[in-house]
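For reference, the chains in residue letters:
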Amino acid sequence: NAGVTQTPKFQVLKTGQSMTLQCAQDMNHEYMSWYRQDPGMGLRLIHYSVGAGITDQGEVPNGYNVSRSTTEDFPLRLLSAAPSQTSVYFCASTPNRGGDIQYFGAGTRLSVL
Amino acid sequence: GQQVMQIPQYQHVQEGEDFTTYCNSSTTLSNIQWYKQRPGGHPVFLIQLVKSGEVKKQKRLTFQFGEAKKNSSLHITATQTTDVGTYFCAGPGAGSYQLTFGKGTKLSVIP
Numbered sequence: 001n002a003g004v005t006q007t008p009k010f011q012v013l014k015t016g017q018s019m020t021l022q023c024a025q026d027m028n029h030e031y032m033s034w035y036r037q038d039p040g041m042g043l044r045l046i047h048y049s050v051g052a053g054i055t056d057q058g059e060v061p062n063g064y065n066v067s068r069s070t071t072e073d074f075p076l077r078l079l080s081a082a083p084s085q086t087s088v089y090f091c092a093s094t095p096n097r098g099g100d101i102q103y104f105g106a107g108t109r110l111s112v113l
Numbered sequence: 114g115q116q117v118m119q120i121p122q123y124q125h126v127q128e129g130e131d132f133t134t135y136c137n138s139s140t141t142l143s144n145i146q147w148y149k150q151r152p153g154g155h156p157v158f159l160i161q162l163v164k165s166g167e168v169k170k171q172k173r174l175t176f177q178f179g180e181a182k183k184n185s186s187l188h189i190t191a192t193q194t195t196d197v198g199t200y201f202c203a204g205p206g207a208g209s210y211q212l213t214f215g216k217g218t219k220l221s222v223i224p
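Same order as they appear, the protein sequences are chains A and B.
FYI, my numbering numbers position 13 of the first sequence as 13, with every residue one higher than the one before it.
FYI, my numbering numbers position 85 of the second sequence as 198, with every residue one higher than the one before it.
Check each hint, because a few of them may be wrong.
[As the list claims (entries may be wrong)] With a straight-line cut-off of 30 Å between C-alpha atoms, the simulated BS3-like cross-links for lysine-lysine are:
1. B/K216 x B/K183
2. B/K219 x A/K9
3. B/K149 x A/K9
4. B/K216 x A/K14
5. B/K219 x B/K183
6. B/K172 x B/K219
[As the list claims (entries may be wrong)] Here are some of the chain A residues that sit facing chain B, going by a computed Cβ distance under 8 Å:
7. G40
8. M41
9. L43
10. Y48
11. F90
12. G99
13. F104
14. G105
15. A106
The hints are simulated quantities; they were obtained by calculation from the structure and are not laboratory data.
From the three backbone atoms N, C-alpha and C, an ideal C-beta is built for every residue, glycine too.
Chain A on its own, in the form it takes in the complex (with noise of 0.2 Å):
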C-alpha cells in the first residue's frame, strides 16, 4: 500500500493563477480531509469529506473548492492564489469518523509570488 499520496510536492504560482493539489488513498478509508500548515499555527483544517459525494467545509474554508467524486481521491483546487496561501497543505485519511487516527501524505509546499 502507498498510503496517501499527494502530489505535486512544491509548486510556485503567480498570484491570480489557479491550480489543483492532488491527494489520492489506497486504504479504502472514507474519512479525508485537507489541512494547510503555518509556521506557529500548526495544522488547520480547510475542507473535509466523509465519504463520496459528500464534503464539508472546515475551520479555513475561503478560498478553496473541493469534491469527492471516488473514495481514493480528493482534490483541492485553489481558485485565484493568492499569497497568503503560500503553505504546505496535507491530505489527510482516516478509515472511521473524522474524530479518528490520521494518516497524512507527504505535503505539498506551495508558493503563490
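We have chain A; now place chain B onto it with these hints.
Relative to chain A, chain B alone:
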C-alpha cells in the same frame, strides 16, 4: 468552537535531559492523539488515549490523559537527537467528527 492549546511552543534541551509538553482542550475529549513531525516531514501518529486517567508508554515516551479528559501530556525521558521535531496533540470534541490540533511544541536537542 473547540480550542486545543499546547505549551510550550518551543523547547531547547541538552541531549539526555527530560522534556514535557502539555495539551489543554477547552472541551471534553472523547480521545486524544499525539503526532510527531520531523523537520521537513509530515505528521506521524504516535498514540491515542481514550480512557480518563490513562497512561501509556512507548520506550522513553510517556503519555497521560487527564481525569477530566480535557488535558494531556507527553514526557520524554533522556532525550536523544532523534527526538527532534514538533509534537502535536489533537482531539475531537464530544460529538464532533472533526479533529482539532494544538499548535505544537517544537523540540530541539543540543548534542
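Here is what the structure says about each hint:
Only pairs whose Cα atoms come within 30 Å are accepted, and B/K216 paired with B/K183 is accepted, the gap being roughly 16 Å. Pair hint B/K219 plus A/K9 holds up; C-alpha atoms about 23 Å apart against a cutoff of 30 Å. Straight-line distance between C-alpha atoms of B/K149 and A/K9 comes to about 20 Å, which keeps the hinted pair within the 30 Å bound. Among the hinted pairs, B/K216 with A/K14 is consistent with the structure: their alpha-carbon atoms are about 29 Å apart, no more than 30 Å.
About 22 Å separates the Cα atoms of B/K219 and B/K183, which keeps this hinted pair within 30 Å; it holds. Our distance criterion of 30 Å between C-alpha atoms is met by B/K172 and B/K219, whose separation comes to about 20 Å. At about 7 Å, the closest approach between the beta carbon of A/G40 and any beta carbon in chain B falls short of 8 Å, and the interface hint on this residue holds. Hint status for A/M41 relative to chain B: holds, with the closest Cβ pair at about 6 Å, below 8 Å.
Annotation: interface hint on A/L43 holds; nearest CB of chain B at approximately 4 Å, less than 8 Å. Interface hint status for A/Y48: upheld, as the beta-carbon distance to the closest one in chain B is roughly 7 Å, under 8 Å. Below 8 Å, beta-carbon pairs count as interface contacts, and A/F90 has one with chain B at about 6 Å; its hint therefore holds. The restraint placing A/G99 at the interface with chain B holds, with a minimum CB-CB distance near 3 Å, inside the 8 Å limit.
Against a cut-off of 8 Å between C-beta atoms, the interface hint on A/F104 holds, since the closest Cβ of chain B lies about 4 Å away. Hint status for A/G105 relative to chain B: holds, with the closest Cβ pair at about 7 Å, below 8 Å. Hint status for A/A106: holds, given a least beta-carbon distance of 5 Å to chain B, under 8 Å.
Violated hints for the displayed structure: none, as all numbered hints are satisfied.
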